[in-house]
Amino acid sequence: MATAVGGKVRVAPRGTERADLWWLEPLITVVVLGGFVLYTTWAMVFGSDHYFADPYISPFFSPCIATNCVDGYRFIPWAFSPAFLIAIFPLAFRLTCYYYRKAYYRSFFWSPPACAVPDAPKSYQGETRFPFLIQNLHRYAFWPALVVVVFLWIDAIKGFAYHGHFMIGLGSLVLLANALLLTTYSLSCHSCRHLVGGYLDMLSRHPLRYRLWRRVSFLNEHHMLIAWCSLIFVAFTDVYVRLASAGVILDPRVVF
Amino acid sequence: MAAVAERPAGGPSASASAAGQTVTMRIWRGDAAGGAFQEYTVPLEEGMVVLDVVHRIQAMQANDLAVRWNCKAGKCGSCSAEINGKPRLMCMTRMNTFEPGKVITISPIRTFPLIKDLVTDVSFNFQKAKEVPAFKPKPLDPDGKRRMYQEDVDRVQEFHKCIECFLCQNVCHVIRDHEENKQSFAGPRLFVRLAALELHPLDTNDRRELLKYKAGLGFCNITKCCTEVCPEHIHITDNAIIPLKERVVTEFYDPLAWIARKLSGRDPRKGIVE
Ligand code: SF4
Ligand code: SF4
Ligand code: FES
Ligand code: FES
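Respectively, the protein sequence lines represent chains A and B.
Sequential numbering from 3 applies to the first sequence in my numbering.
Sequential numbering from 63 applies to the second sequence in my numbering.
Accuracy of the hints is not assured; some may be wrong.
Sample of chain A residues facing chain B (criterion: CB under 7 Å; computed from the structure) [stated by the list, open to error]: (1) Arg20; (2) Thr31; (3) Arg103; (4) Lys104; (5) Tyr107; (6) Arg108; (7) Ala118; (8) Asp121; (9) Tyr126; (10) Asn138; (11) Ala147; (12) Gly166; (13) His196; (14) Asp203; (15) Leu205; (16) Ser206.
Cβ-to-Cβ under 7 Å is the rule here; a few derived chain B residues that face chain A [stated by the list, open to error]: (17) Gly147; (18) Glu308; (19) Tyr315.
Keep in mind that the hints were calculated from the coordinates and are not lab data.
Quick caveat, the model's predicted, so the values are computed rather than measured.
Positions of the beta carbon are idealized from the N, C-alpha and C atoms, including for glycine.
Isolated chain A, as found in the complex:
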């Protein structure tokens, strides 16, 4: 039975006539994103025994700046998992990312769960109030995340050296691909797109910024895809280093 309420047609009881599998996308997001969060939390809290498999270091722990690090820069006195000092930066970047916001507002907050499917929360303020107001500072998460990416490149390069010898291992390639994916993810960011030139009205007057803006815009079109690929791959990289470090797998490598 359907009735009109407040000038709007309301069809009880489901509130949507969508009969397709609209719930599938939020469900997959919950599983993959939730799985990633659980895994990283576990790796950060309990996984500090196996994050280094000479010469590879897990991206969750790099740059390793705590004094209790197995390898790395070691200058901050620290008694907990060294990952806490570092992983917060990429996590803050992902948490406030325009794409991930879409993903978790839809799948975790059901606001809305899918298009033309009613919001679960009764009242809605969007990003006008705390805590979501903080999302406006996403650009401040961009720079630290970029610095971390620079260290991941250093790790990737170090991944080709073994006790003074050049080497190529499967791990070297994994680290390299990871650095590449995370660089692409960071550079395809919407805030980056704004900062390199999007803020200008007269792009024609600034040829360098215009070119940069064009490049970033191209990457930005694929931001969602890159976000997922880099997310899954960074977790895979950690798993790989962890298994190699624990001796579960033997890293195939050629040392020159």
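Dock chain B with the ligands against the given chain A, drawing on the hints supplied.
Frame of chain A, contents of chain B with the ligands only:
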């Protein structure tokens, strides 16, 4: 409550159905006081779009069925409706995209007050449009002309494809599910309009304050349903809303930008144009 209309025997349309196929549509009938879905079964022909079937129902079985349309070419933006729960243009939805034999549900767009059957009162959108300050061009160049370069207009050209179908306004959960937000939220169609002006190389009006306060840009949580339904494939969220959000951030939330403005003594209204 569904009244299943009989398929009329014979008649030109029925015999025209080459394969003898029929289609059953569940169409919302009623007005602001109430209503219900009613089922109609009519002959189907090759190449039909949803609007054709609705017209056939109107011609054969429900002469008083109210439906708004005009161009039948996806360009006037009149025939917006919800087809199996998804906001679409009726004239651009081909019948062969549906599974044969399945009942198709057509309802009016939900976010605006219903007038009758499939017709809603979309004046909300025109009221909001009145609140957008008009284009205010820079002074003329010394030779009496105004110049813009392709690099500068590329971005805004996309926004001019809008056909004002208001499907994006309809699907936006900010007002679709929260009527109370209509006061303080302009909606994605208007963000497209605002971006066309705000990013325009020759415009001098500053609309960032309007965006933050009156247009309620902060209510948008970039969940992208507007982009998903736009029949003109305008990248509403990525190319209009997010760039506007970033500009609002610079103006109102970015502490370094604030300090830079104080130190340089630059008028923020002009700072961004250059
Ligand atoms: S992206 Fe923003 S404006 Fe577009 S439908 Fe979603 S909440 Fe509304
Ligand atoms: S932006 Fe797209 S969906 Fe919105 S009114 Fe214009 S054409 Fe329709
Ligand atoms: S990282 Fe996704 S928008 Fe910035
Ligand atoms: S009738 Fe003009 S857009 Fe459908």
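Going through the hints against the structure:
no.: 1; hint: Arg20; verdict: 3 Å, holds
no.: 2; hint: Thr31; verdict: 12 Å, violated
no.: 3; hint: Arg103; verdict: 6 Å, holds
no.: 4; hint: Lys104; verdict: 5 Å, holds
no.: 5; hint: Tyr107; verdict: 5 Å, holds
no.: 6; hint: Arg108; verdict: 5 Å, holds
no.: 7; hint: Ala118; verdict: 6 Å, holds
no.: 8; hint: Asp121; verdict: 4 Å, holds
no.: 9; hint: Tyr126; verdict: 5 Å, holds
no.: 10; hint: Asn138; verdict: 4 Å, holds
no.: 11; hint: Ala147; verdict: 17 Å, violated
no.: 12; hint: Gly166; verdict: 44 Å, violated
no.: 13; hint: His196; verdict: 4 Å, holds
no.: 14; hint: Asp203; verdict: 5 Å, holds
no.: 15; hint: Leu205; verdict: 5 Å, holds
no.: 16; hint: Ser206; verdict: 4 Å, holds
no.: 17; hint: Gly147; verdict: 3 Å, holds
no.: 18; hint: Glu308; verdict: 4 Å, holds
no.: 19; hint: Tyr315; verdict: 4 Å, holds
The structure does not agree with the numbered hints 2, 11, 12 stated previously, though it agrees with the rest.
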